[in-house]
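Asker: One letter stands for each residue in the lines below.
Number of protein chains: 2
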Amino acid sequence: MNQHTRPTLDDVARAAGVSTATVSRCLNAPDRVIAPTRERVMQAVNALGYTPDFGGRALASGRTNTIGAVIPTMDNAIFARGMQAFQETLSSVGVTLLVASSGYDFDREAEQIRALAGRGADGLLLIGSARPATTYDFLRRRGIPYVLAWSLGDSADHFVGFDNRRAAEALATRVIALGHRDIAMIAGVTAMNDRAADRVEGVRAALRQAGRDPASLPIIEAPYSFEDGSNAFAALMQRVPRPTAVICGNDILAVGAIGRAKALGLRVPDDVSVTGFDNIDIAAFVEPALTTVHVPHRRMGVAAAQQLLQMIAGDTADARVEFGTEIVERGSLAAAPV
Amino acid sequence: MNQHTRPTLDDVARAAGVSTATVSRCLNAPDRVIAPTRERVMQAVNALGYTPDFGGRALASGRTNTIGAVIPTMDNAIFARGMQAFQETLSSVGVTLLVASSGYDFDREAEQIRALAGRGADGLLLIGSARPATTYDFLRRRGIPYVLAWSLGDSADHFVGFDNRRAAEALATRVIALGHRDIAMIAGVTAMNDRAADRVEGVRAALRQAGRDPASLPIIEAPYSFEDGSNAFAALMQRVPRPTAVICGNDILAVGAIGRAKALGLRVPDDVSVTGFDNIDIAAFVEPALTTVHVPHRRMGVAAAQQLLQMIAGDTADARVEFGTEIVERGSLAAAPV
Numbered sequence: 001m002n003q004h005t006r007p008t009l010d011d012v013a014r015a016a017g018v019s020t021a022t023v024s025r026c027l028n029a030p031d032r033v034i035a036p037t038r039e040r041v042m043q044a045v046n047a048l049g050y051t052p053d054f055g056g057r058a059l060a061s062g063r064t065n066t067i068g069a070v071i072p073t074m075d076n077a078i079f080a081r082g083m084q085a086f087q088e089t090l091s092s093v094g095v096t097l098l099v100a101s102s103g104y105d106f107d108r109e110a111e112q113i114r115a116l117a118g119r120g121a122d123g124l125l126l127i128g129s130a131r132p133a134t135t136y137d138f139l140r141r142r143g144i145p146y147v148l149a150w151s152l153g154d155s156a157d158h159f160v161g162f163d164n165r166r167a168a169e170a171l172a173t174r175v176i177a178l179g180h181r182d183i184a185m186i187a188g189v190t191a192m193n194d195r196a197a198d199r200v201e202g203v204r205a206a207l208r209q210a211g212r213d214p215a216s217l218p219i220i221e222a223p224y225s226f227e228d229g230s231n232a233f234a235a236l237m238q239r240v241p242r243p244t245a246v247i248c249g250n251d252i253l254a255v256g257a258i259g260r261a262k263a264l265g266l267r268v269p270d271d272v273s274v275t276g277f278d279n280i281d282i283a284a285f286v287e288p289a290l291t292t293v294h295v296p297h298r299r300m301g302v303a304a305a306q307q308l309l310q311m312i313a314g315d316t317a318d319a320r321v322e323f324g325t326e327i328v329e330r331g332s333l334a335a336a337p338v
Numbered sequence: 001m002n003q004h005t006r007p008t009l010d011d012v013a014r015a016a017g018v019s020t021a022t023v024s025r026c027l028n029a030p031d032r033v034i035a036p037t038r039e040r041v042m043q044a045v046n047a048l049g050y051t052p053d054f055g056g057r058a059l060a061s062g063r064t065n066t067i068g069a070v071i072p073t074m075d076n077a078i079f080a081r082g083m084q085a086f087q088e089t090l091s092s093v094g095v096t097l098l099v100a101s102s103g104y105d106f107d108r109e110a111e112q113i114r115a116l117a118g119r120g121a122d123g124l125l126l127i128g129s130a131r132p133a134t135t136y137d138f139l140r141r142r143g144i145p146y147v148l149a150w151s152l153g154d155s156a157d158h159f160v161g162f163d164n165r166r167a168a169e170a171l172a173t174r175v176i177a178l179g180h181r182d183i184a185m186i187a188g189v190t191a192m193n194d195r196a197a198d199r200v201e202g203v204r205a206a207l208r209q210a211g212r213d214p215a216s217l218p219i220i221e222a223p224y225s226f227e228d229g230s231n232a233f234a235a236l237m238q239r240v241p242r243p244t245a246v247i248c249g250n251d252i253l254a255v256g257a258i259g260r261a262k263a264l265g266l267r268v269p270d271d272v273s274v275t276g277f278d279n280i281d282i283a284a285f286v287e288p289a290l291t292t293v294h295v296p297h298r299r300m301g302v303a304a305a306q307q308l309l310q311m312i313a314g315d316t317a318d319a320r321v322e323f324g325t326e327i328v329e330r331g332s333l334a335a336a337p338v
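First to last, the protein sequences are chains G and S. Going by the UniProt record's numbering, 214 is the number at position 214 of the first sequence; the sequence numbering is gapless. Going by the UniProt record's numbering, 35 is the number at position 35 of the second sequence; the sequence numbering is gapless.
In case anyone wonders, no lab produced these hints; they're calculated from the structure. Be aware that one or more of the hints could be misleading.
Since the list can't tell identical chains apart, any single copy or any two copies may satisfy a pair.
Unchecked claim - Distance condition first, Cα-Cα at most 25 Å in a straight line; then the derived SDA-like pairs of lysine to any residue:
{"#": "1", "residue 1": "Lys262", "residue 2": "Glu287"}
{"#": "2", "residue 1": "Lys262", "residue 2": "Pro296"}
{"#": "3", "residue 1": "Lys262", "residue 2": "Arg181"}
{"#": "4", "residue 1": "Lys262", "residue 2": "Gln43"}
Given the sequences, and given the hints that come with them, work out the whole structure.
Answerer: Encoded structure:
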């Protein structure tokens, strides 16, 4: 079944009655070929099932017009909106996006980066800055352009992101201003995730700023799922005194927490306030709606694509594109109960 | 910056002090190399940033150990859980998954299939059966193994899926049995989506079975987003008589509908029942929780991976793997108001 009787450029040229150079042009610079010829060639390409060979095409144009992205998860819509915008921007200039999902696993990410580089990706989008030095060594030795998104690091790499720490600090400062003294946190797993770690640091900074001991903050780290958020919330509600506000490392955890609060007979926000992070679609659709941090996912996706395309084209690109975030106040956060 | 001074197999062999054959074995059949040698070679591979060339590797092993998937969307968790299981199964046998997302666009899907085939994917996972004949022609001419998932078609292709029509018919039959006469539907966009079309057919079949006119079913087609579900629900509530049950083509639309019901001051399920489809995580976390159709996403993902791996290995694989679905009754569906 898997015969791989691969049609050649010659086959296409013969079927379309044009030169192989014209076929190449149709594939690599279609706007330089008049429409009727281009259509005839593309019909032959389709009819024969011709695909430009990676090696040959890369030699001819220096590019494969494919960009790779390795994201931590395809689940839970965290990266979905930003990746959608990233893809649309690439698609509008004829570049195909291939995505791999590492499951927050450094070894798997390294393997996927290697696979994308091996398949000839012109450039890579990676999320955040936490990864082993060996992975960065590989990227630099291969000379493959890459952009780090969803965070801002202090290395010389290209970043398109926002300040996770400062955003979390602003939100926690707001929670403190509402009179909450017993605050707890459900964080993402910080070990492999600089965004999750920075958000914890931000909450601690706000406590310090308010003259409280940051070390006293109860924190449960949980993978990003409704169920994990729900279970972590139940554990925090066992504490004495019971927290009156639970700051969650993302919206998924917060939705899980709100669900559990209801199951426990606790009113949100009268008995306990809950906050999220990301402002994904679901944040507005839970009851009560989530107070959260709005992250400009779409704008980040577009900017990351533009930056990467510039780097691949050999143009100079800004090394850092920083986006602001803002607190979206909805029903899940209120003043501390008196 | 993008110098592409690509290290060769020779470079790795020299750095590790082994033969090129040993390097090849480490990359293609690592279990056939003793651990200390393998580690030395992999250190050299990492240090040099070596990636096996697609062409060379494909020639040596006949495989690239990469599988491609083209899914309609990465958004909204519809395919997330199944794809996660698909990826884990591939990962456990050392195969890397690259995913492209077509945005329910046939032309883009065709282009992504071509890109994945051109990058040397050993096999492809595609969702559903609705796509132009030219795409199927391309797949067959290339002889690339592919599996169609999330639905069951009547072609000779390999399917791993479930009967969308029968599942929707069972759910609608349950809604009718609860005394609802004014039933409406918010469906996915059926034009490019055989799953959405089959679900509409299933609801119509249930009406026919109950002696009602299937043509009288008010249907609004909407893209799969909370907001589209919310807007479609508002439009349906304008009808006279007002529907007492709204069957939604998936859980995302249903969550949007429930949110809008609250905004309109309608109680779910006392004033209006709402049902979903898919049983994604959020279904259990909205208020009231969703009555929906449980789809075995994870088991489908695993089965699709196993089937595709068998086909790539040249083993015979079942042409159809069919999964059952079941109705999950939660708070959003109740008897029609009297």
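Asker: Could you run down the list of hints and mark each one as holding or not?
Answerer: Here is how each hint holds up against the structure:
{"no.": "1", "hint": "Lys262 with Glu287", "in the structure": "both (10 Å within a copy, 9 Å between copies)"}
{"no.": "2", "hint": "Lys262 with Pro296", "in the structure": "neither (30 Å within a copy, 28 Å between copies)"}
{"no.": "3", "hint": "Lys262 with Arg181", "in the structure": "within (22 Å within a copy, 33 Å between copies)"}
{"no.": "4", "hint": "Lys262 with Gln43", "in the structure": "neither (59 Å within a copy, 52 Å between copies)"}
The structure shown violates the earlier hints numbered 2 and 4.
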